[in-house]
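**Student:** Sequence:
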Amino acid sequence: QGSELSGWAMGRWTYEGIDLNHNFADLNTALWDAEDNDLVPHQFPNHYIPIPEYYTLANATVAPETRAVIDWMQRFPFVLSANLHGGELVVTYPFDMTRTYWKAQELTPTPDDGVFRWLATVYATSNLAMANQDRRLCHYDDFARLGNIINGANWHTVPGS
Numbered sequence: 001q002g003s004e005l006s007g008w009a010m011g012r013w014t015y016e017g018i019d020l021n022h023n024f025a026d027l028n029t030a031l032w033d034a035e036d037n038d039l040v041p042h043q044f045p046n047h048y049i050p051i052p053e054y055y056t057l058a059n060a061t062v063a064p065e066t067r068a069v070i071d072w073m074q075r076f077p078f079v080l081s082a083n084l085h086g087g088e089l090v091v092t093y094p095f096d097m098t099r100t101y102w103k104a105q106e107l108t109p110t111p112d113d114g115v116f117r118w119l120a121t122v123y124a125t126s127n128l129a130m131a132n133q134d135r136r137l138c139h140y141d142d143f144a145r146l147g148n149i150i151n152g153a154n155w156h157t158v159p160g161s
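Per UniProt numbering, residue 1 is the first one in the sequence shown, and the count goes up by one each step.
Source of the hints: derived by calculation from the structure; they are not laboratory data.
Take these hints with a grain of salt, some might be off.
[Claimed, not checked] Restraint ranges, calculated between C-beta atoms of paired labels, are given here:
| no. | residue 1 | residue 2 | range |
| --- | --- | --- | --- |
| 1 | Glu65 | Ala144 | 17 to 27 Å |
| 2 | Trp72 | Pro159 | 45 to 55 Å |
| 3 | Ala58 | Asp142 | 25 to 35 Å |
| 4 | Asp134 | Ile49 | 19 to 29 Å |
| 5 | Thr14 | His42 | 38 to 48 Å |
| 6 | Pro109 | Gly160 | 28 to 38 Å |
| 7 | Ala144 | Ala30 | 34 to 44 Å |
| 8 | Leu107 | Ala58 | 14 to 24 Å |
| 9 | Ala129 | Pro45 | 18 to 28 Å |
| 10 | Phe76 | Asn46 | 31 to 41 Å |
| 11 | Pro45 | His156 | 35 to 45 Å |
[Claimed, not checked] Calculated pairs, DMTMM-like style, for lysine to aspartate or glutamate (alpha carbon to alpha carbon, straight line, at most 25 Å):
| no. | residue 1 | residue 2 |
| --- | --- | --- |
| 12 | Lys103 | Glu16 |
| 13 | Lys103 | Asp113 |
| 14 | Lys103 | Asp141 |
| 15 | Lys103 | Asp36 |
| 16 | Lys103 | Asp19 |
| 17 | Lys103 | Glu65 |
| 18 | Lys103 | Glu88 |
| 19 | Lys103 | Asp38 |
| 20 | Lys103 | Asp33 |
| 21 | Lys103 | Glu35 |
Beta carbons are placed, not taken as given, at the ideal position from N, Cα and C, and that holds for glycine.
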């Protein structure tokens, strides 16, 4: 069943009630705080931000699925990844979290914004379902007017993504 038939939250919550889409450690704030204090890149490398120690404690509210992804990422480091969501025909690119804490939406580009926009555009224009101008909307947002791509934080903020 697609989310348009069963609801947008189908499969998003664990049995324990943890929202998997919002369960990763917020590494963005650590990076932005370091940037604001001129610690990047010499004292705070921006190419690898370790998972905070408090997040790895046994009593932390971290889903087993999230812990498994963290373990996998630490065993097999990579430099590019993708989030796949069912129900929307859009490619989001980083950052997915707003830099201004209280804003629900805000354009929040990375230093490599041009590269991420290019990758998103290549995917969106190569995906037959996304490129089809006659397709119907999945939910409420018509991303076709944006080329089916959007800065994640400009759509909705997702800490830890």
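**Student:** Taking 25 Å as the top limit, are the C-alpha atoms of Lys103 and Glu88 close enough?
**Tutor:** It holds: about 22 Å lies between the C-alpha atoms, which stays within 25 Å.
**Student:** Assess, step by step, whether the Cα of Lys103 is no farther than 25 Å from the Cα of Asp141, and give holds or violated.
**Tutor:** 19 Å, holds
**Student:** At the C-beta level, are Pro109 and Gly160 separated by a distance inside 28 to 38 Å?
**Tutor:** At 18 Å between Cβs, range violated.
**Student:** For the pair supplied as a hint, Lys103 and Glu65, is the alpha-carbon distance within the 25 Å limit?
**Tutor:** Violated, at about 28 Å.
**Student:** Has the hinted range 45 to 55 Å been met by the Cβ atoms of Trp72 and Pro159?
**Tutor:** 21 Å, violated
**Student:** If you draw a straight line from the CA of Lys103 to the CA of Asp19, is it 25 Å or shorter?
**Tutor:** Within the cut-off at roughly 20 Å; holds.
**Student:** CB of Thr14 to CB of His42, is that within 38 to 48 Å?
**Tutor:** Since Thr14 and His42 have Cβ atoms about 39 Å apart, the given range 38 to 48 Å holds.
**Student:** Below or equal to 25 Å on CA atoms is what counts here, so check Lys103 against Asp36.
**Tutor:** 19 Å, holds
**Student:** Is the hinted pair Lys103 and Asp33 satisfied, with a Cα-Cα distance of at most 25 Å?
**Tutor:** 17 Å, holds
**Student:** With 34 to 44 Å as the target window, see if Ala144 and Ala30 comply at their CB atoms.
**Tutor:** 36 Å, holds
**Student:** Compare the distance between the alpha carbons of Lys103 and Asp113 with 25 Å, and conclude whether the hinted pair is satisfied.
**Tutor:** 20 Å, holds
**Student:** Quickly compare the C-alpha distance for Lys103 and Asp38 to 25 Å and report which way the hint goes.
**Tutor:** 24 Å, holds
Consistency note: the structure conflicts with the earlier hints numbered 1, 2, 3, 4, 6, 8, 9, 10, 11, 12 and 17.
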